[in-house]
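> In case it helps, mature numbering (1 follows the signal peptide of the UniProt record, and there is no 0) puts the sequence shown at residues -27 to -1, 1 to 230.
You can trust all of the hints, since none of them are fake.
The calculated lysine to aspartate or glutamate pairs, modelled on EDC-like cross-linking and capped at a C-alpha distance of 16 Å, are:
| hint | residue 1 | residue 2 |
| --- | --- | --- |
| 1 | 85 | 59 |
| 2 | 219 | 205 |
| 3 | 24 | 220 |
Worth flagging that the hints you see were computed from the coordinates, not collected in a lab.
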Amino acid sequence: MNTISKKLRLLFSAIVALLFSATIASAQNTAARIQNVVLVHGAFVDGSGWKGVYDILTKKGYNVTITQIPLSSLQDDAAVVKKALDRQNGPAVLVGHSWGGTVITEVSAHPKVASLVYVTAFQPDNGEPTTKWIATAPALPENGILPPDKDGLVYYDRDKFHAGFAADLPPAQALFMADAQKPIAAASFATPVTAAEWHHKPTFGIVPTADKSINPVILRNMFQRSGTKVTEIKGASHAVFVSHPKEVANVIIAASR
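Working from the sequences, and respecting the hints, build out all of it.
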C-alpha cells in the first residue's frame, strides 16, 4: 500500500512539474511576442474596414491602433502614423493596405517599428515613388481608379467598385464602400519615400490572387525583390482585409513573433 501511495505521489509531482513548466513556457512566449499593432488603411477607404482584423487581434490580447490618414499627401499620412507609433508602449507590428504600404515604408525607420506587414500593398524602395511600380504591369479591366479631377483628387469609379475593389464582398456592402470612399491626392503617388527598412526588419506580405486594383504581378515582383515572406489568399479581392480578416490576422500574428 505504501509503495502504491509513493508511486501516486511521484506521478502527481511529475504532472504538477509538467503543468508548471508549460505555464512558464506559455508566459514566456506571450511576453516575447510584440503586443502592439498599428493598422494603416489605403486609398478610397478609411480605418473602419479593419474591424474584423481588430476584433480577432484584440481578443487575443493585442493592443491595436487603427490610424485614420487624411490621404492628402505622403508627408501628411506619414505624420499621422508616426504620432500613433509615438503613443505605443513598446515595439509594434506596422501594417499597411494598398497605398498604406507606401506610408508604412516611409515611417519604417521609426524606432518602435519591429516588423512590417504589406496587405496587397505597395512596397517602394528608398527614393522610389509609388508610380514606379504602378507602371510595371498593365491595369486590369476591372480596375476603377479614375484620372485626377480638377482639384487633383483621385476617386474610384462607383460602377466598378464591386468588381474592381471588393468582388468577394456582398454587392450592397461594396456599394456602401463606394459611396463612402475617401479620395486621395494624386500627387501622393509621385512622391518618393525617404526610408525602406524592409531591407533590415522582418517583413511579411499578402497577395490576394483575385486583386483587380493592384495587379498581383506587381505585388509578387515587389515582394520577391525584398525577400518578403509571402502569403497568397486564393480568390481574395483588393478588399482582402475586410473579406478575409482571419487570414490577414494570422499573418500579423506571425509578424508579432
